[in-house]
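Student: From first to last, the protein sequence lines are chains A and B.
Under the working numbering, the first residue of the first sequence is numbered 1, with each subsequent residue one higher.
Under the working numbering, the first residue of the second sequence is numbered 1, with each subsequent residue one higher.
Don't read these hints as lab results, they were simulated from the structure.
One should not assume that every hint holds.
[What the hints assert, rightly or not] Below 20 angstroms or equal to it, Euclidean Cα-Cα: the simulated DMTMM-like pairs (lysine to aspartate or glutamate) are: (1) A:K42 x B:D88; (2) B:K41 x A:D82; (3) A:K42 x B:E52; (4) A:K96 x B:E59; (5) A:K96 x B:D88; (6) B:K41 x A:E70; (7) A:K68 x A:E17; (8) B:K41 x A:E45; (9) B:K41 x A:D39.
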Amino acid sequence: EDQVTQSPEALRLQEGESSSLNCSYTVSGLRGLFWYRQDPGKGPEFLFTLYSAGEEKEKERLKATLTKKESFLHITAPKPEDSATYLCAVRSDFNKFYFGSGTKLNVKP
Amino acid sequence: GAVVSQHPSRVICKSGTSVKIECRSLDFQATTMFWYRQFPKQSLMLMATSNEGSKATYEQGVEKDKFLINHASLTLSTLTVTSAHPEDSSFYICSARDMSGSGYNEQFFGPGTRLTVL
């Protein structure tokens, strides 16, 4: 069964305290793994797409990596404005998208 | 690029009325649009996939007669919640896939519509 599991559900960090969010997946034929950021009351904002194991992408303080079973979103020296819910999704061979339940990140000044 | 708009952003209606939500891709063509529903503190629940010029594909458990979807052009899809009831109150979000170039895979999301049924 295709599914996406994100952990932890919630994460509290002090400003500057680096950490990683996890997205584990099982899917029949990975056609892409996607990371989104969602602020309260808003639609998800696209961050990254990863296609194959070993691939990495970076954007400011965020870096996404991919293995055959999971993806990590590394946050380096986070700032309070990085506080949001981070969603992971995968696209399968059957053109279906599966979303994880998200990790709610709270960065305290 | 890859901007998706939704209208309205908020709507309050009486029970029994119908509400139409529009989803537009502003700077790209989207042959496929998706409609999601999101409950508080929960992730996105896919309701249906909308393909331009054809009938929408609904996920299991989603009533197609209650949630009418029309994808009349490459930049516009509409979701009509018919005979709305309080349990339909939710945050509705659409997304669109950019079928051109390297953006083939990604979904770009609209800002969402908060529906409150009294």
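Student: Look at each hint and say if it fits the structure.
Tutor: Outcome of the hint check:
no.	hint	in the structure
1	A:K42 x B:D88	holds, 18 angstroms
2	B:K41 x A:D82	holds, 18 angstroms
3	A:K42 x B:E52	violated, 25 angstroms
4	A:K96 x B:E59	holds, 11 angstroms
5	A:K96 x B:D88	violated, 25 angstroms
6	B:K41 x A:E70	violated, 23 angstroms
7	A:K68 x A:E17	violated, 27 angstroms
8	B:K41 x A:E45	holds, 17 angstroms
9	B:K41 x A:D39	holds, 11 angstroms
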